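Construct the entire structure; sequences and hints are all you get.
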Amino acid sequence: MFKVFGHKDGPKRIHFIGIGGVGMSSLAMVLHSLGHKVSGCDLNKSKYTEMLEKQGIKVYYQHHEDHLKKVDIVVYSSAISQDNPELSKAKEMGIWVIPRAQMLAEVMNLYPKSIVVAGSHGKTTTTSMIAEMLLKLDKSPTVIVGGIISNIKTHSVLGKGDYLVAEADESDGSFLCYNPYIEVITNIDVEHLDFYADFNAIKKAFINFIKKCSPEGRVIICGDDPGVKEVLREIAGPFLLYGFSSGNQLRAEVIEEDEGYPLVKLVFQEKFLGQMRLSIPGKHNVCNALAAIGVALELGLPIKQVIEILQEFKGAGRRLEFKGVWKGAVLIDDYAHHPTEIKASLEALRKVYKDKKLVLIFQPHRYTRTKFLWDKFLLALKEPDILVLTEIYPASEKPIPGISGYILFENLKNLRGGKPTFFVENLDNIKELLEDILDENQVVITMGAGNVYKIHKLLLEKDEARN
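My numbering puts the sequence shown at residues 1 to 467.
Just so you know, these hints were derived from the structure itself, not from any lab.
No more than 27 Å apart at the CA atoms, straight line, and that leaves these computed lysine-lysine pairs for DSS-like:
#, residue 1, residue 2
1, K283, K343
2, K212, K113
3, K356, K431
4, K343, K357
5, K371, K204
6, K89, K69
7, K356, K454
8, K323, K351
9, K457, K314
10, K454, K327
11, K431, K413
12, K314, K351
13, K314, K139
14, K54, K153
15, K265, K283
16, K454, K419
17, K69, K37
18, K382, K351
19, K454, K413
20, K351, K327
21, K454, K45
22, K54, K70
Everything numeric in this text was worked out from a predicted model, so none of it was measured.
Next up, the structure:
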């Protein structure tokens, strides 16, 4: 691997292809703050490109080779195809061309203590918790996360301290670029089968990731997770295990459930640490908080203050995020796009809104994911009281015969026992359907990793304009 930093010739001119993605934009902002001249292109404007432009980063909204003039390094996201015209031209011109993960690894090398969060689910929330914890304890971390941290309104922070907190992407194996001081692994599930041959290949990747952790640091890992348990049979520690079950060194014991916000007793190596009730719902978020506490224990941070900080944590963007009220119905947005995530989010919302019906608007993400997890999607999507399905968000994938949002809808109609089930091909047409089916006794959840979140803006802006 070459070294981007440490050269005597000063700041680099770095161009990002696909800069509008959450992970690309957060990395671009840190590099800009480090003094490098950053530019990028994306086909669509978004809140992330707006954030970049406000910082003085030039964003182009088309691909063109003219953007490469005087550029030293081109960084591309995993969503960019190898035949992208800018990417192809950069290679032809002999410009350094590297994936996002490799550039993030270069940034990590600047920090003695990098903390990297990996796992199939819960990465963004866990990374955000750790980042906010270190920020509020005045450790001045550098932060690169895959979602807006609600309390600080950003996903990117350039700090002055020794710590870097980052979210890893295991989807294409690129997390093996990193050599973290501390690793957090939230869970290991069947996912990204467009890249991995099978679950054994996924486990092997995580085993190799564990081996990359610094011998001076620690792997902090969820001991309750079935996939993690399989990996732990194949590799020795030392690990810090966390979870709800008695076999974990760090565990949470539920004292009482309170409408989705459990009060828990925290125990580490059989010693009482304190009690905790989070401001965000769900036992899965308690597990995410345990990971952050595990990091705090490893770093020797004051646990009483850490618990207080975690209790004040307000979540991350698109993670059970409250968006407003429309026609009396509560509007929630969530990034869940895997059956395990759908189940966890709906379970949490059931407890919070136990007297209301759940209306789920689900946009499947990627043809490959929908194909490989078809049966699990059918089970997860049986749960909501009312289900609205959209067509699959392709994320640059080509259609697969026999796999579509409509076919999924046809299957679910027969499985849901008569519960209302709808299909809407175009998101722009969803307002008419919602006007017919919504009332104040319902909670509407948009869910998916595509552009389904735009429904909230469509509803609330039109509602405000009418008033």
